[in-house]
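Protein chains: 2
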Amino acid sequence: MNSFTDKGNHAPKENFTGTVWVNLNIGKDDDYNTIIGTVTFEPKARTNWHTHTTGQILFVVEGMGYYQEKGKPIQIIQKGDVIKIPKNIVHWHGASHNSLMRHIAIVPESDKDKTEWLLPVNDEEYNSFKASDIR
Amino acid sequence: MNSFTDKGNHAPKENFTGTVWVNLNIGKDDDYNTIIGTVTFEPKARTNWHTHTTGQILFVVEGMGYYQEKGKPIQIIQKGDVIKIPKNIVHWHGASHNSLMRHIAIVPESDKDKTEWLLPVNDEEYNSFKASDIR
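In order, the protein sequences belong to chains P and F.
Using my numbering, read the first sequence as starting at 2 and increasing by one per residue.
Using my numbering, read the second sequence as starting at 2 and increasing by one per residue.
Heads up, a few of these hints could be off.
If chains are identical, the list can't say which one is meant, so a pair holds when it fits in one copy or spans any two.
20 Å max Cα-Cα, derived SDA-like pairs, lysine to any residue [unchecked claim]:
#, residue 1, residue 2
1, LYS113, TRP22
2, LYS14, THR116
3, LYS80, ALA106
4, LYS113, ASP31
5, LYS29, PRO44
6, LYS115, THR6
7, LYS45, GLN79
8, LYS85, ASP31
9, LYS85, ASP30
10, LYS115, LYS131
11, LYS115, PRO44
12, LYS8, THR52
13, LYS115, GLU15
14, LYS131, HIS92
15, LYS45, MET65
16, LYS73, ASP32
17, LYS29, PRO87
18, LYS131, HIS51
19, LYS8, GLN79
20, LYS88, GLU110
Simulated from the structure, these hints should not be mistaken for lab results.
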């Protein structure tokens with residue numbers, strides 16, 4: 002059996018910056034009304050800004066990364082953290098400057114979810130994390 | 002922030018055999034219509050036989066354990082495995098004889114789920130796993 006932490010396939014380039022891998026663990030055909038994938042971000046890689054109508058839950062299983070909601074500062078997220086992304090909030094997540102980050106991403110009520118992909122997180126936004134805080 | 006792999010609280014004795022810990026990561030108040038907990042089974046500990054009307058998904062994050070559906074042989078489950086428990090199937094899960102096992106357990110559509118707890122997995126059933134196969 003494969004491991005859920007296997008890298009899987011390249012994420013679609015239009016919604017991500019840098020090298021990102023997606024391993025789809027639970028898909029539509031599994032008929033659980035939830036979609037679950039394990040996503041691996043290489044250092045500096047990140048999602049575009051986006052929203053989920055039903056929210057999303059992240060379990061960080063490896064490394065260190067960043068999570069940011071629009072209008073708030075970047076937060077560090079790391080192995081062991083559970084991130085509760087509110088419904089309809091513009092946000093992004095990705096690896097930190099120097100470490101990969103891998104999370105399980107859970108979309109609840111996937112039949113109702115609409116994920117809206119927005120602009121890439123540009124370097125100025127990504128680098129707004131204070132370098133002195135980078136571990 | 003706590004880690005989702007922290008042990009949490011003792012699981013209710015009436016539904017488990019042995020020492021089992023539950024860390025509730027996503028509860029009803031989180032309003033995602035999914036319940037997610039990380040469960041740690043010490044060696045030989047296990048759930049009772051039980052069913053879920055909406056099924057359940059397990060991500061094994063540590064150690065080695067067993068999973069069995071009624072009428073089928075015990076399967077080994079280990080770190081990296083994703084277990085797709087079908088709806089309404091009588092089953093149990095737990096640690097192996099010599100290793101703890103920790104999994105994330107995801108209940109999809111928790112508003113519709115009814116979990117029915119049945120009899121404990123007795124020693125004869127638990128020991129039906131062939132010792133020669135135990136790693």
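Exercise for review: Enumerate the violated hints, using their earlier numbering and listing them in ascending order.
Suggested key: Hints 1, 5, 6, 10, 11, 12, 16 and 18 are the ones this structure does not satisfy, whereas the remaining hints hold.
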